[in-house]
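K.L.:
Input sequences plus hints: build the corresponding full structure.
There are 2 protein chains.
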Amino acid sequence: MTFSEENYLKTIYHLMAVSDADISTNAIAEKMETKASSVTDMLKKLAEKELVNYIKYQGVSLTEKGQLAAKMIVRKHRLWETFLVEKLDFSWDEVHDLAEQLEHIKSEKLINKLDDFLGNPTEDPHGDAIPDASGRITKIEKQLLSELEKNRVGICVGVKDTSSDFLKYLDKQEIALGSQIEIIEKESFDSSFRIRVGTKEITISHKIASNIYIK
Amino acid sequence: MTFSEENYLKTIYHLMAVSDADISTNAIAEKMETKASSVTDMLKKLAEKELVNYIKYQGVSLTEKGQLAAKMIVRKHRLWETFLVEKLDFSWDEVHDLAEQLEHIKSEKLINKLDDFLGNPTEDPHGDAIPDASGRITKIEKQLLSELEKNRVGICVGVKDTSSDFLKYLDKQEIALGSQIEIIEKESFDSSFRIRVGTKEITISHKIASNIYIK
DNA sequence: AAATTGTTTTAGACTAGACTAAAAAAATAT
DNA sequence: ATATTTTTTTAGTCTAGTCTAAAACAATTT
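Residue numbers (my numbering), protein chains in the order written: chain B, 1 to 215; chain W, 1 to 215.
Hints in this document: simulated from the structure, not taken from any laboratory.
There may be inaccurate statements among the hints.
Computed cross-link-like contacts, DSSO-like style, restricted to lysine-lysine with a CA-CA straight-line distance of at most 30 Å [as the list claims (entries may be wrong)]:
no., chain 1, residue 1, chain 2, residue 2
1, W, Lys186, W, Lys160
2, W, Lys109, B, Lys106
3, B, Lys172, W, Lys109
4, W, Lys113, B, Lys106
5, W, Lys45, B, Lys106
6, W, Lys106, B, Lys168
Nothing here was measured: the structure is a model prediction, and the numbers come from that model.
P.N.:
As structure tokens, then:
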């Protein structure tokens, strides 16, 4: 499987995780910052290899085989991210692009040994689940901070948006995985939140609150 | 720089280390298992980028810039090999192909952090020198086992041939980096050697003896 | 010095993956 | 129901890197 094929599979996998319905050519093109015509070409190729179910003009979904392949790429991505943060001391906003490269290294043995070396983690540095060697995923129960009631307290267990900008913002506010967060007030006018992080009190927008997972 | 460009540079670098004279198109083609015409195409491209000095029909050599780039690839290759053996518990005959992939990961920061994580090693698991971040190489004084006199004792500090077959043979004979080796007898008829490795006495051919470095 | 052999380069073709522009199909609006 | 807009596909072009076959050059032999 080529790098490009792997990137398409991964993108379709992530899109399927949020949409249920078949994935459109345009949705893939947009996410990958490429053109719809390029996507069509690749979908034909992936369908030929029985990695996706593709019907002209009707969108695409992963086959069992494609799903497993995609999970293995996600597994690699998240294990490498964990390695970079835990062992090489990278911060959580730096690791995505590097993992995008490392996820294409071809060796089952390597990734399984890396998994063991890291102590078989079930979540990556952003709180996302790491599929095991057979593709099984341990679901983490969590909810968005924005869904929490006033006066409730929770622990930050993940982030929805993993962009560098958002993660740097969280660093600045001293919000990290494991941080205790308490909802002090919900402002109905602009849906912003007054929260306590550790000992500090800060105000965050609804957009921020709806990108933080709490347990 | 593309993967392919990097592979050509690395090959030229390794050929220059053993030959002094300019490197021929055919030598590169043979080492890379490709065709001479493909090599010519790439040499033009590398010359264009001022990574090599190339004159039609006269062979090629690395420029300063090319040399540094090649060293950085070798550095990455050898640091990843060290990581695989030291941290992930791979054996020394398994790591070459994996390092061929990992050496193309693009990030200076990553490789420097990996270097630190490994304790800034100066040699890889085969006893080859690892260039530092600025390309400097700590020369290791060593000689071939085949050049040693009778009754001399030395420590294995490296191997010349790093093929999986040869390394597996050494494993079988219980020869590893750090093994003490004593020359018991040199057989003049076939130039074979009677040696003691640790407590065991074995016979090895001249070919074997001329691929083991001793200090 | 000419002929032969071997090496290297050129010319032209191929593939994967991207692109643009145009055509076809589907969805939406009137 | 027809017209318009949007989405998707097709057709054809481009680039990087490879290849084969032929031509050009260099080295060796006679």
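K.L.:
Could you run down the list of hints and mark each one as holding or not?
P.N.:
Comparing the hints with the structure gives:
1. W:Lys186 to W:Lys160: This hinted pair holds, its Cα atoms lying about 20 Å apart.
2. W:Lys109 to B:Lys106: Within the cut-off at roughly 22 Å; holds.
3. B:Lys172 to W:Lys109: holds (22 Å)
4. W:Lys113 to B:Lys106: holds (22 Å)
5. W:Lys45 to B:Lys106: Holds, at roughly 28 Å.
6. W:Lys106 to B:Lys168: The hint holds at about 23 Å.
Comparing the model with each earlier hint shows no violations; every hint is respected.
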